[in-house]
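Visitor: Single-letter residue listing:
Number of protein chains: 2
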Amino acid sequence: MSDNRDDRQASATDLLEIERFIPYRLAVLSDWVSRSLANTYQARFGISIPEWRILANLAREEPLSAGELSERTNMDKPRVSRALQRMVRSQLIRRETDANDQRVAVIRMSDRGRALYEQIAPLALDWEQELLSGLTDDERRDLNRLLDRLREQIERIRDSR
Amino acid sequence: MSDNRDDRQASATDLLEIERFIPYRLAVLSDWVSRSLANTYQARFGISIPEWRILANLAREEPLSAGELSERTNMDKPRVSRALQRMVRSQLIRRETDANDQRVAVIRMSDRGRALYEQIAPLALDWEQELLSGLTDDERRDLNRLLDRLREQIERIRDSR
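Chains as they are written, first to last, in numbering that gives the first Met the number 0: chain A, 0 to 160; chain B, 0 to 160.
Any given hint could be a false lead.
[To be verified] If you want the footprint, here are the derived chain A segments under chain B, 3+ residues with CB under 8 Å:
1) 33-41
2) 91-101
3) 117-131
I should point out that these hints are in silico values taken from the structure, not numbers from a laboratory.
Being a predicted model, the structure only gives us computed values, none of them experimental.
Think of the CB as a built atom: it goes at the ideal place given N, C-alpha and C, for glycine as much as any other residue.
Generate the whole structure from the sequences, applying the supplied hints.
Guide: Printed below as a string of structure tokens:
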């Protein structure tokens with residue numbers, strides 16, 4: 000038993016080639032992608048990756064609470080909260096009281112925030128097309144399908160524990 | 000000209016469905032994957048995601064400098080540096096002077112760090128298999144190929160600017 004376990008550990012250690020390990024490959028790729036995309040807006044418009052993600056989510060639906068933004072952007076609350084503070088100062092968003100619950104603050108884009116979003120969105124879409132330009136239509140479909148499948152599987156793993 | 004630009008902006012704004020935007024989908028998925036994987040080791044072995052990534056890279060090659068670890072783990076230097084400080088305190092790694100250049104500090108796993116890595120590696124590989132269990136062999140090949148292609152394309156974009 001203990002011998003088996005040692006064997007299994009030794010082979011796992013040999014087998015875990017970090018540069019081929021899927022969780023790691025995804026982390027490295029997604030970070031490269033976010034940073035490369037950020038080159039199209041960061042210097043030119045002076046906003047950070049968290050600020051861009053918040054604008055893009057508000058453009059889809061608003062108002063949203065800080066908690067909802069944290070969930071949708073998948074960023075932790077302190078990070079969202081720091082970004083929101085900067086965005087209030089630079090007048091990209093407004094905080095309002097929820098019409099249904101006076102204790103809850105909700106966030107909307109300001110006209111200035113919307114104008115900025117509308118400048119960045121076409122650049123972001125162009126950049127996405129450049130990223131995908133090496134893939135055929137079939138490969139793009141495969142990519143989207145595989146991302147969906149992995150996401151479903153993560154949900155399954157989470158629910159099973 | 001200005002009319003065209005307005006049209007293009009309006010349609011881009013409509014087209015950018017953030018939940019289908021590939022850079023965003025990758026970011027959300029990879030974050031879910033890293034966090035779900037971390038559930039297998041964080042509570043049980045008391046190490047963080049950066050510490051795990053550092054151990055896994057040292058297991059592949061050592062010694063490495065802090066800068067090399069920053070590059071390979073794709074984490075910024077302050078984050079790597081904080082993780083290394085914790086790992087020195089918990090005796091998972093040792094800092095040494097580079098044999099070729101006395102001014103450079105390099106990092107190696109301690110016996111304790113290696114023993115920890117050898118406990119986590121099989122769990123991480125099992126978890127990866129669970130993540131991929133919904134995919135056929137062809138789909139796994141597709142996934143790896145698509146991740147390679149996107150990575151090459153990111154490098155091409157970076158080199159062209």
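Visitor: Indicate, hint by hint, whether the structure satisfies it.
Guide: Comparing the hints with the structure gives:
1. Only when three residues or more bring their CB closer than 8 Å to a CB of chain B does the claim for the region 33-41 of chain A stand; here the count is 4, and the claim holds.
2. With 0 residues carrying a beta carbon less than 8 Å from a beta carbon of chain B, the region 91-101 of chain A misses the three-residue requirement, and the given coverage is violated.
3. Counting residues of the region 117-131 of chain A whose CB lies closer than 8 Å to any CB of chain B gives 11, so the stated coverage by that chain holds, three being the minimum.
In the structure shown, a violation is registered for the earlier hint numbered 2 alone.
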